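Input sequences plus hints: build the corresponding full structure.
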Amino acid sequence: MLDPKQIRANPEMIAQKLALKGTGTGLEEFLNMDEVRRRLLVAVEEKKNFRNRASQEIGRLKKAGEEPEGLMAQVKAVGQEIKELDDQLRALEDRMKELLLTLPNLPHDSVPIGAGDEDNVEVRRWGEPREFDFSPLPHWELGTRLDILDFERAAKLSGARFTVYKGAGARLERALVNFMLDLHVEKHGYREIFPPFMVNADCMQGTGQLPKFADDMFKLEGRDMYLVPTAEVPLTNLYRDEILNAADLPLYLTAYTACFRAEAGSHGRDTRGIIRQHQFNKVELVKITTREQSYEELEKMTADAEEVLKLLGLPYRVVALCTGDLGFSAAKTYDIEVWMPYYSEYREISSCSNCEDFQARRANIRYRPGNKEKVQYCHTLNGSGVAVGRTVAAILENYQQADGSVVIPKVLVPYMGGLEVITM
RNA sequence: GGAGAGAUGGCUGAGUGGUCGAAGGCGCUCGACUGGAAAUCGAGUAGACGGGUAAAAACCUGUCUCGAGGGUUCAAAUCCCUCUCUCUCCGCCA
86 MLDPKQIRAN
96 PEMIAQKLAL
106 KGTGTGLEEF
116 LNMDEVRRRL
126 LVAVEEKKNF
136 RNRASQEIGR
146 LKKAGEEPEG
156 LMAQVKAVGQ
166 EIKELDDQLR
176 ALEDRMKELL
186 LTLPNLPHDS
196 VPIGAGDEDN
206 VEVRRWGEPR
216 EFDFSPLPHW
226 ELGTRLDILD
236 FERAAKLSGA
246 RFTVYKGAGA
256 RLERALVNFM
266 LDLHVEKHGY
276 REIFPPFMVN
286 ADCMQGTGQL
296 PKFADDMFKL
306 EGRDMYLVPT
316 AEVPLTNLYR
326 DEILNAADLP
336 LYLTAYTACF
346 RAEAGSHGRD
356 TRGIIRQHQF
366 NKVELVKITT
376 REQSYEELEK
386 MTADAEEVLK
396 LLGLPYRVVA
406 LCTGDLGFSA
416 AKTYDIEVWM
426 PYYSEYREIS
436 SCSNCEDFQA
446 RRANIRYRPG
456 NKEKVQYCHT
466 LNGSGVAVGR
476 TVAAILENYQ
486 QADGSVVIPK
496 VLVPYMGGLE
506 VITM
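Numbering-wise, the first sequence is residues 86 to 509 according to the working numbering.
FYI, nobody ran anything at the bench for these hints, they're computed from the structure. Note that the coordinates shown come from a computational prediction; the quantities given were computed from them, not determined experimentally. By construction, the Cβ of each residue, glycine as well, lies at the ideal position given by its N, Cα and C atoms. Be aware that one or more of the hints could be misleading.
Restraint ranges, calculated between C-beta atoms of paired labels, are given here [to be verified]:
| hint | residue 1 | residue 2 | range |
| --- | --- | --- | --- |
| 1 | Gly353 | Gln173 | 45 to 51 Å |
| 2 | Glu166 | Arg354 | 55 to 61 Å |
| 3 | Lys395 | Val206 | 17 to 23 Å |
Structure representation (structure tokens):
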């Protein structure tokens with residue numbers, strides 16, 4: 086959520102930045118309503134002031150044994166007027182809030198300007214894509230042949246965009262989760278959290294999924310509950326409506342969760358394989374920081390995610406998303422894209438964002454910079470560290486051999502119970 | 001699912017209709033004491049939204065907030081209704 090005071094103070098600047106993100110604004114409407122709101126507020130507060138004073142006066146008079154009937158009738162009448170004005174105000178404030186909740190975050194000044202993903206800027210590359218002396222197969226082909234991925238039976242159970250992992254495939258998924266969590270906990274200093282996979286609508290609004298992106302999520306029928314689309318939601322909302330101690334910041338949190346996405350708009354893209362699923366696993370990184378440290382922490386978080394791929398020996402590049410490609414809540418985002426030999430291109434495997442105070446404002450997450458100092462909104466960051474299913478796909482494609490077997494990356498072998506190659 | 005109890009500031013905990021944004025304690029800040037510290041003593045210490053007001057800060061001032069929403073009343077933390085959550089007991093269950 087943007088700061089209403091900021092919108093009022095420099096609407097042109099905000100409109101400009103929103104335009105960079107490719108969204109229409111509705112700012113004029115907001116400003117008009119804000120104007121009316123302040124007028125109403127002054128009027129109703131005056132009446133309330135009268136009522137408060139008169140009520141006290143009545144109390145005094147009654148104690149003195151008088152019956153101030155005239156004054157009581159007067160206050161009662163004012164009470165009616167107050168009720169009407171309050172109703173008007175509430176309706177107006179509801180509409181303003183609704184509007185505010187649909188405005189995306191502003192891009193940070195360091196974000197490259199552009200319209201879509203073709204304008205993203207490559208920041209760095211790591212690793213050399215392997216030269217194959219045979220035609221590399223797609224991961225779904227490899228997985229099916231090795232009988233570790235089963236798409237047909239998944240369709241029988243759940244329909245399209247689900248996968249059954251079997252044998253070494255299931256083990257590989259679990260190994261990756263453990264490997265990633267161990268790395269972030271033991272080496273990068275994150276605290277491991279195991280959150281609920283279902284959360285309420287307040288959480289979804291707090292991190293920005295609601296109200297705009299309700300169609301992308303699975304909602305439980307007849308309940309105010311959603312399946313988490315990412316662990317970012319429960320992790321960030323852990324501290325909703327709290328005032329944190331500055332000394333405790335930054336908080337580093339990591340969690341494995343399954344992630345559930347309806348993604349109504351994505352039909353036709355990545356229909357084969359495990360790149361785009363209704364259910365997938367992810368190890369997520371979340372940081373809650375002060376306003377001063379958030380950009381430094383974004384760089385560190387991105388490096389933490391990159392290290393997963395380095396240790397797995399998977400070539401990748403880091404891309405700075407341009408203004409037009411930024412997500413709703415993000416002020417700045419780095420995508421990490423892993424090399425996929427069959428596609429012969431880099432594909433997103435992690436996305437690390439600084440949301441600044443956008444989510445903190447929605448979720449009301451604050452901190453006290455020092456005793457005596459006023460509370461401030463925290464900055465929140467989130468990043469995949471990293472998407473597990475896509476990592477499986479990347480390992481299958483990058484580590485495949487001419488006979489269709491797949492070598493297990495060295496760091497994973499202990500997690501695979503000593504298994505070094507997946508063969509038929 | 002059934003029965004009961006509860007939800008108050010950063011934390012704890014009093015408050016059953018009026019001068020209560022809220023006693024006491026803890027914590028924290030400042031001051032005194034001290035060579036310094038501890039202990040002790042004194043003072044201070046919620047948030048949001050407006051107005052004065054202008055870029056901000058400081059200051060003054062108003063309104064709202066005692067789980068959420070509604071109601072009664074001149075006046076609600078306090079009385080009534082609905083909901084949410086927590087705890088205890090019973091049932092069921094991995």
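Hints and how they fare:
1. The given range of 45 to 51 Å is respected by Gly353 and Gln173, whose C-beta atoms sit roughly 47 Å from each other.
2. Range check, Glu166 to Arg354: about 57 Å between beta-carbon atoms, so the 55 to 61 Å window is met.
3. Under the hint 17 to 23 Å, the C-beta atoms of Lys395 and Val206, about 21 Å apart, fit the expected range.
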